[in-house]
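Asks: Order-wise, the sequence lines are chains A and B. Using our numbering, the letters of the first sequence map in sequence onto residues 2 to 234. Using our numbering, the letters of the second sequence map in sequence onto residues 146 to 346.
Hints are computed from structural coordinates only; laboratory data are not their basis. On a predicted model such as this, the values are computed, not experimentally measured, just so you know. All residues carry an ideal CB built from backbone N, CA and C; glycine is no exception. Watch out, some of these pointers could steer you wrong.
Claimed, not checked - Calculated lysine-lysine pairs in the DSSO-like style (CA-CA distance at most 30 angstroms, straight line):
(1) A:Lys149 - B:Lys175
(2) A:Lys64 - B:Lys175
(3) A:Lys38 - A:Lys64
Stated by the list, open to error - A short, non-exhaustive set of chain A residues, derived as facing chain B with CB atoms under 7 angstroms:
(4) Ile60
(5) Lys64
(6) Asn107
(7) Phe160
(8) Gly161
(9) Ser162
(10) Asn181
(11) Glu200
(12) His201
(13) Tyr204
(14) Gln208
(15) Asn209
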Amino acid sequence: MNEQTGLSRRDVLKLAGSAVLGAAIPGVSLADEWQFKLPELPYAEDALEPYIDARTMGIHHGKHHAGYTNKLNAAIEGTDLAGMSIEDILGNLDLAPEDIRVTVRNNGGGYANHSLFWQIMSPDGGGEPEGDLADAIERDFGGFADFKTAFSAAAGSVFGSGWAWLAADDGALSISKTPNQDTPLMNGRTPILGIDVWEHAYYLHYQNRRADYIAAFFNVINWQRVGELYAGA
Amino acid sequence: MAFELPSLPYAEDALEPHIDARTMGIHHGKHHAAYTSNLNAAIEGTALDGMSIEAILADLNAVPEDIRTAVRNNGGGYANHNLFWQIIGPNGGGEPSGALADAINSAFGSFGDFQSAFSAAAATRFGSGWAWLVTDGGAVSVTSTPNQDTPLMDGGVPILGIDVWEHAYYLNYQNRRPDYIAAFFNVINWDKVAELYAAAG
Numbered sequence: 002m003n004e005q006t007g008l009s010r011r012d013v014l015k016l017a018g019s020a021v022l023g024a025a026i027p028g029v030s031l032a033d034e035w036q037f038k039l040p041e042l043p044y045a046e047d048a049l050e051p052y053i054d055a056r057t058m059g060i061h062h063g064k065h066h067a068g069y070t071n072k073l074n075a076a077i078e079g080t081d082l083a084g085m086s087i088e089d090i091l092g093n094l095d096l097a098p099e100d101i102r103v104t105v106r107n108n109g110g111g112y113a114n115h116s117l118f119w120q121i122m123s124p125d126g127g128g129e130p131e132g133d134l135a136d137a138i139e140r141d142f143g144g145f146a147d148f149k150t151a152f153s154a155a156a157g158s159v160f161g162s163g164w165a166w167l168a169a170d171d172g173a174l175s176i177s178k179t180p181n182q183d184t185p186l187m188n189g190r191t192p193i194l195g196i197d198v199w200e201h202a203y204y205l206h207y208q209n210r211r212a213d214y215i216a217a218f219f220n221v222i223n224w225q226r227v228g229e230l231y232a233g234a
Numbered sequence: 146m147a148f149e150l151p152s153l154p155y156a157e158d159a160l161e162p163h164i165d166a167r168t169m170g171i172h173h174g175k176h177h178a179a180y181t182s183n184l185n186a187a188i189e190g191t192a193l194d195g196m197s198i199e200a201i202l203a204d205l206n207a208v209p210e211d212i213r214t215a216v217r218n219n220g221g222g223y224a225n226h227n228l229f230w231q232i233i234g235p236n237g238g239g240e241p242s243g244a245l246a247d248a249i250n251s252a253f254g255s256f257g258d259f260q261s262a263f264s265a266a267a268a269t270r271f272g273s274g275w276a277w278l279v280t281d282g283g284a285v286s287v288t289s290t291p292n293q294d295t296p297l298m299d300g301g302v303p304i305l306g307i308d309v310w311e312h313a314y315y316l317n318y319q320n321r322r323p324d325y326i327a328a329f330f331n332v333i334n335w336d337k338v339a340e341l342y343a344a345a346g
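Looking at chain A on its own, in the form it has when it is part of the complex:
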């Protein structure tokens, strides 16, 4: 409990998720107490123009990703999950108490997926991977063009909200898609590239033209970062 306010951290986190902001509660600095913190965008909101517009980036990061982060923190506060890494939490959802499992799945997935998403894009992105990752793509898909076709088809065929992924498992690459905020981490694989195909990721700029968004996404992929994630996996 916070000595000045009589509120537990969980109470405060719940308040933070509502319209009542922590600034109104003396002696409580929310950002310092949250286990999971909303990462800053590694570039300006308008840095990915014209492929992804600044308004979409601002709302996507500052509202959607922030919302997942707040709700994740509120859900795990005071449970056995507090202190675990997000990868461990999502890789072992059956360990999550049943009354918060869906909340952790949805918001923990949203937290992790977007934390990855900002990293694997860049204003200096586009082009093709090099080195070991290029070799693995050649080996597992027959070449970059075939990979691009398969990844785009996966992203284009997610019905409703979800993601398409390039994931690594013991060095082998695979393309998959997940509904909502589910992630390959839930199946023991490491996502190294993902495209968000929730409509909130593209609707302000592309509306129903998801295929145009997917094509544009290839112009902002940070292949250097994806290569690092492949090496790290």
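For this one, chain A is given, so just place chain B on it according to the hints.
Replies: Chain B only, in chain A's frame:
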């Protein structure tokens, strides 16, 4: 006989400021149109050609396996939006009366309690989907479905539905889904909902 995209029963800007004209135009002319054409393409030349959409969706197990997902998604999208345009309108809002009001009071206690339950179902549907007021044998209940699934798939009759795919509200409301849900109550065509309730017997 192919399914046809119904015309909007009012102008695209008729639901302003609650639902904006641009959203209505794209929602109807692009999204609903695509579900319709994808549904027609899926069932062309199959035994489903000529069946009603309600009969198709109520018995998806009878749909050939290679087109079942396409029919579920696009047939659901076709039917759901057909209903959606009917149960909203420029002279909407207020509260139902007559037998529908009695059924709502019986199931939820009051219109306000119904509104709370329906709004909560719409707000908590994670990802894309719909929240519904459904009748089954005269009783009414609130439920929600993912993506373009419909209560028809479980034998219920939807008489009111709110589309909570982001495409239904994002241009005007962005991440503020609760504001869209609140605004939706200003355009509900309760006369039409009551007709659907009466017809469902």
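Asks: None of the hints should be skipped; say for each whether it holds.
Replies: Outcome of the hint check:
no., hint, in the structure
1, A:Lys149 - B:Lys175, "26 angstroms, holds"
2, A:Lys64 - B:Lys175, "27 angstroms, holds"
3, A:Lys38 - A:Lys64, "14 angstroms, holds"
4, Ile60, "5 angstroms, holds"
5, Lys64, "4 angstroms, holds"
6, Asn107, "5 angstroms, holds"
7, Phe160, "5 angstroms, holds"
8, Gly161, "4 angstroms, holds"
9, Ser162, "4 angstroms, holds"
10, Asn181, "4 angstroms, holds"
11, Glu200, "4 angstroms, holds"
12, His201, "5 angstroms, holds"
13, Tyr204, "4 angstroms, holds"
14, Gln208, "5 angstroms, holds"
15, Asn209, "4 angstroms, holds"
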